[in-house]
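Use these hints to put chain Y onto chain V, whose structure you have.
Number of protein chains: 2
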Amino acid sequence: MPHRIPRWSVWLLQASLGWRRTACALGASVKQRCLGCPWGVSGPLTVREYSSASRTPEVRLTQERYPVQRLPFSTVCEEDLATFEHIIPGRVVTDPEELEASNVDWLRTVRGCSKVLLRPQTSEEVSRILRHCHERNLAVTPQGGNTGMVGASVPVFDEIVLSTALMNQVISFHRVSGALVCQAGCVLEELSQYVQERDFIIPLDLGAKGSCHIGGNVATNAGGLRFLRYGSLRGTVLGLEVVLADGTVLNCLTSLRKDNTGYDLKQLFIGSEGTLGVITAVSILCSPRPKAVNVAFLGCPGFAEVLQTFSTCKGMLGEILSAFEFMDAECMQLVGQHLHLARPVQESPFYILVETSGSSAGHDAEKLDSFLEQVLGSGLVTDGTVATDQRKIQALWALRERITEALSHDGYVYKYDLSLPVERLYDLVIDLRSRLGLRAKHVVGYGHLGDGNLHLNVTAESFSEALLGALEPYVYAWTAEQQGSVSAEHGLGFKKRDVLGYSKPPMAVQLMQQLKALLDPKGILNPYKTLPTRA
Amino acid sequence: MPHRIPRWSVWLLQASLGWRRTACALGASVKQRCLGCPWGVSGPLTVREYSSASRTPEVRLTQERYPVQRLPFSTVCEEDLATFEHIIPGRVVTDPEELEASNVDWLRTVRGCSKVLLRPQTSEEVSRILRHCHERNLAVTPQGGNTGMVGASVPVFDEIVLSTALMNQVISFHRVSGALVCQAGCVLEELSQYVQERDFIIPLDLGAKGSCHIGGNVATNAGGLRFLRYGSLRGTVLGLEVVLADGTVLNCLTSLRKDNTGYDLKQLFIGSEGTLGVITAVSILCSPRPKAVNVAFLGCPGFAEVLQTFSTCKGMLGEILSAFEFMDAECMQLVGQHLHLARPVQESPFYILVETSGSSAGHDAEKLDSFLEQVLGSGLVTDGTVATDQRKIQALWALRERITEALSHDGYVYKYDLSLPVERLYDLVIDLRSRLGLRAKHVVGYGHLGDGNLHLNVTAESFSEALLGALEPYVYAWTAEQQGSVSAEHGLGFKKRDVLGYSKPPMAVQLMQQLKALLDPKGILNPYKTLPTRA
Numbered sequence: 072m073p074h075r076i077p078r079w080s081v082w083l084l085q086a087s088l089g090w091r092r093t094a095c096a097l098g099a100s101v102k103q104r105c106l107g108c109p110w111g112v113s114g115p116l117t118v119r120e121y122s123s124a125s126r127t128p129e130v131r132l133t134q135e136r137y138p139v140q141r142l143p144f145s146t147v148c149e150e151d152l153a154t155f156e157h158i159i160p161g162r163v164v165t166d167p168e169e170l171e172a173s174n175v176d177w178l179r180t181v182r183g184c185s186k187v188l189l190r191p192q193t194s195e196e197v198s199r200i201l202r203h204c205h206e207r208n209l210a211v212t213p214q215g216g217n218t219g220m221v222g223a224s225v226p227v228f229d230e231i232v233l234s235t236a237l238m239n240q241v242i243s244f245h246r247v248s249g250a251l252v253c254q255a256g257c258v259l260e261e262l263s264q265y266v267q268e269r270d271f272i273i274p275l276d277l278g279a280k281g282s283c284h285i286g287g288n289v290a291t292n293a294g295g296l297r298f299l300r301y302g303s304l305r306g307t308v309l310g311l312e313v314v315l316a317d318g319t320v321l322n323c324l325t326s327l328r329k330d331n332t333g334y335d336l337k338q339l340f341i342g343s344e345g346t347l348g349v350i351t352a353v354s355i356l357c358s359p360r361p362k363a364v365n366v367a368f369l370g371c372p373g374f375a376e377v378l379q380t381f382s383t384c385k386g387m388l389g390e391i392l393s394a395f396e397f398m399d400a401e402c403m404q405l406v407g408q409h410l411h412l413a414r415p416v417q418e419s420p421f422y423i424l425v426e427t428s429g430s431s432a433g434h435d436a437e438k439l440d441s442f443l444e445q446v447l448g449s450g451l452v453t454d455g456t457v458a459t460d461q462r463k464i465q466a467l468w469a470l471r472e473r474i475t476e477a478l479s480h481d482g483y484v485y486k487y488d489l490s491l492p493v494e495r496l497y498d499l500v501i502d503l504r505s506r507l508g509l510r511a512k513h514v515v516g517y518g519h520l521g522d523g524n525l526h527l528n529v530t531a532e533s534f535s536e537a538l539l540g541a542l543e544p545y546v547y548a549w550t551a552e553q554q555g556s557v558s559a560e561h562g563l564g565f566k567k568r569d570v571l572g573y574s575k576p577p578m579a580v581q582l583m584q585q586l587k588a589l590l591d592p593k594g595i596l597n598p599y600k601t602l603p604t605r606a
Numbered sequence: 072m073p074h075r076i077p078r079w080s081v082w083l084l085q086a087s088l089g090w091r092r093t094a095c096a097l098g099a100s101v102k103q104r105c106l107g108c109p110w111g112v113s114g115p116l117t118v119r120e121y122s123s124a125s126r127t128p129e130v131r132l133t134q135e136r137y138p139v140q141r142l143p144f145s146t147v148c149e150e151d152l153a154t155f156e157h158i159i160p161g162r163v164v165t166d167p168e169e170l171e172a173s174n175v176d177w178l179r180t181v182r183g184c185s186k187v188l189l190r191p192q193t194s195e196e197v198s199r200i201l202r203h204c205h206e207r208n209l210a211v212t213p214q215g216g217n218t219g220m221v222g223a224s225v226p227v228f229d230e231i232v233l234s235t236a237l238m239n240q241v242i243s244f245h246r247v248s249g250a251l252v253c254q255a256g257c258v259l260e261e262l263s264q265y266v267q268e269r270d271f272i273i274p275l276d277l278g279a280k281g282s283c284h285i286g287g288n289v290a291t292n293a294g295g296l297r298f299l300r301y302g303s304l305r306g307t308v309l310g311l312e313v314v315l316a317d318g319t320v321l322n323c324l325t326s327l328r329k330d331n332t333g334y335d336l337k338q339l340f341i342g343s344e345g346t347l348g349v350i351t352a353v354s355i356l357c358s359p360r361p362k363a364v365n366v367a368f369l370g371c372p373g374f375a376e377v378l379q380t381f382s383t384c385k386g387m388l389g390e391i392l393s394a395f396e397f398m399d400a401e402c403m404q405l406v407g408q409h410l411h412l413a414r415p416v417q418e419s420p421f422y423i424l425v426e427t428s429g430s431s432a433g434h435d436a437e438k439l440d441s442f443l444e445q446v447l448g449s450g451l452v453t454d455g456t457v458a459t460d461q462r463k464i465q466a467l468w469a470l471r472e473r474i475t476e477a478l479s480h481d482g483y484v485y486k487y488d489l490s491l492p493v494e495r496l497y498d499l500v501i502d503l504r505s506r507l508g509l510r511a512k513h514v515v516g517y518g519h520l521g522d523g524n525l526h527l528n529v530t531a532e533s534f535s536e537a538l539l540g541a542l543e544p545y546v547y548a549w550t551a552e553q554q555g556s557v558s559a560e561h562g563l564g565f566k567k568r569d570v571l572g573y574s575k576p577p578m579a580v581q582l583m584q585q586l587k588a589l590l591d592p593k594g595i596l597n598p599y600k601t602l603p604t605r606a
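Chain order of the listed sequences is V and Y. For the first sequence, the residue numbers in my numbering are 72 to 606. For the second sequence, the residue numbers in my numbering are 72 to 606.
Chain V extracted, bound-state conformation (with noise of 0.2 Å):
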């Protein structure tokens, strides 16, 4: 059960004034458990919610708590069973205590009712499979580790599952250009693993690691820790093999860094949450491994300091630079509150966590610490702490990663993981502080500021419908007027495919509609996800 909840120890982060490196105590390996738990820097689970999981409250069938309408597919029959059975003999699963991890969302908040799990070895099998299900309109939802926020890799009905699980086999790596060339269903943190042993890193790295799959993370094109340092999937994918609804296979698996010859079919599939094709195979660009990684912690006077801060920091620290996050002082407060944090600079309204990864240790040190004196000396930051061995490093990191948790101490926790322009970030949560007063406990905003990421939380004693209306649509209309993004990474899937609108022209979701209608003329693939009900 890879995504049962830790029971976090409590521990200490000593808190050190000025820039001497910090001398941190810290009982385990947080950065390891925050990594190894899904929702890691940003998920919207609720501890009270997840926790509940294990003490059994069933999660309610998705068509029963939501307006949802079956579309007019087949069923499964003896017949289709024994095809199955036929092309992946001892790999089709019916068994319904076996079908419920695959039913059921990580978050437990969507449930299906598939009476069937293929679990295919190689892309000629998934071919075979899509091509039976196309003939005879059977749906078909893709799922990779099931690690998403948005239900996209889970039934909503009773569609057949398919498994990427068992294609977990590394096809070929490259120690001169970095291509990894990889199945689906390879586990982030298992390819990970492999490149670092041959000094390389995966572009892309997020607290579902241990659970997520390659393909489920390029099928919903995952952001991550590491975007601000190496970019959107859209660069360092090289080449996908996906299976189309209709058996067809379509090999675009290249390790080519350069390729223009014809539309760039690939990028189709990025993102599209299998809604389009299955992703079976990925060719992916990996980075040197960095030999030195830096943590500063500080403390700034306000939002206007916190974005000159991050200029200074992209000027100053420049190619080093690979994380820029920040979180305000009730983020701060909460943490302390409910999970004994200490705070490892002095109070303040915003707190920035900068991270450098670099090729030589003496180097960053230098960069950062020059980097530290020309904040601190203008008065942008106020007070500070570094961290450089990888322990104090992670509990650092936890400060901000474990912001989640902390909020689901303190009641019912609404989420919204929106991109804006980067000056207006923290606008909107000033602005919700005001209209919603004292309905809201706190209204707290952190996030990837490098990447104009926030993640804004409202938490209440309990769930309100009158709270709940006062936040939407407000804050998607909000966003919408700042041309800003509903879902900066979290994707669309089943349960945020309606708020597509405010992101998207109609003329945009209109193509979106044909391409899927192209490409999955039947609409077997992941129904009812991605793209909005149609009127």
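Errors might be hidden in some of the hints.
Each pair may be met inside one copy or between any two copies, as identical chains are not told apart.
SDA-like cross-link-like pairs, simulated, lysine to any residue; straight-line CA separation at most 25 Å [stated by the list, open to error]: (1) LYS362 / GLN379; (2) LYS593 / ASN322; (3) LYS362 / ALA436; (4) LYS593 / ALA579; (5) LYS593 / ARG462; (6) LYS362 / LEU410; (7) LYS186 / PRO138; (8) LYS587 / SER243; (9) LYS186 / GLY508.
No wet-lab data here; the hints were simulated from the structure. Small disclaimer: the values here were computed from a predicted structure and weren't measured.
For chain Y alone, coordinates are given in the frame of chain V:
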């Protein structure tokens, strides 16, 4: 006339052995002129062909030189001209002399016979023009700086030329995020200056920068000199505004780094050479301007050592590596023989140009010195020289950038721009030398090794069908066997569209044709380009 070839002044590069910083005597700003002429690093131009342009030999009409049939589009009539004049008063060009530059590609290899050049200033005007053309079934060729290599930007028959030249306004620049939003007709060099004044750089640089338009760069997915460091436009382009074939404006012009709401439609238009829509505005992420640049020029005893040096370089220079180019001994011989450029290091079978760009001159020099000590000590590199000031850097770059010019003095040049797995990059050169024997004067290989991009050139006293027959389709088939790309960065356009099948499987080509039919059902946008002639 931005493409006129400059008369290169003879200049000397003073050889420097060992690791002392080179003292180069350089008559004029070579780099500036190198970058100012469109072929830059890799263009297929021969000076002989091009210089003759100003001596006015006619470029034959494409329809006479190539086996291509006009499709049944309408012909522009007086009423059409009146409509255009109404939409863009004073900006409808019908004078044949003024049209000359738009009908002929800068390589002077293809010529259309368009009678109309339209110069809109806004996307609304582009929309109205296309709506009319769509209704009337009039074919349209979008044109930026007209600096392409494959005949994509000029009409084949009498297509209307739709120029972005007057759409040249910067819309916004965010000093914190580095997001630049501008109209499609902005010249790359002007944008580059604009953001450099704000301490940023465009993540794209190429020889044609003085003429090419950012919209054309995006439409052709340009690679260029900064690719190794800043990656593909697919990762750095944040948003696009595109006018579709029927005049619909598709507004995906966001400046967000992260946006996972639905399919990423802008990717369809990046690299599609104006065949799916007309890009009217671009949002692109700029990076902080590096404070220090170093160039090392190295001699290497064999291609295996070139590859090992590349691996060492990636490991030791890591985040500051910004270019890794190679050239073989015959290239050096040709730049010496024809351009009188002195070899700056001892004679070697291969030469490497390594560029670093970073935020600290001292740190970068130290890293570079450590790297050089390592590769020299281990025998991977036998000699080298380093330049740090701008003029000397340009002098070393010129050895690499002027290979194209040197080749043009050597006779008729057969040119190929290939992506290959980096470990096989040079095998084709060796193979061809043996295959062609005395039929070729020189078979040379050079290029962006860091990107796996080989420029393969074969010279002969004059053009020969027999030699062409020995080269094609052999080179394409050889590339296909290595899962390479027959067009790494130049695209397919008109001239290479029929070799698409060497790099993409039939299913992919079919899907591309379906996408074309979906987005441009009448086929009016840049016909005869990108996709192969249908059987």
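Now the hints, each set against the structure:
1. LYS362 / GLN379: Between copies only: 19 Å across, 28 Å inside.
2. LYS593 / ASN322: within (22 Å within a copy, 28 Å between copies)
3. LYS362 / ALA436: For LYS362 and ALA436, both the intra-copy (12 Å) and inter-copy (18 Å) Cα distances are at most 25 Å.
4. LYS593 / ALA579: Answer is both: 21 Å inside a copy and 20 Å across each meet the 25 Å cutoff.
5. LYS593 / ARG462: neither (52 Å within a copy, 62 Å between copies)
6. LYS362 / LEU410: Close neither inside one copy (32 Å) nor across copies (43 Å); limit 25 Å.
7. LYS186 / PRO138: Intra 22 Å, inter 58 Å, cutoff 25 Å: intra-copy only.
8. LYS587 / SER243: neither (32 Å within a copy, 34 Å between copies)
9. LYS186 / GLY508: neither (47 Å within a copy, 66 Å between copies)
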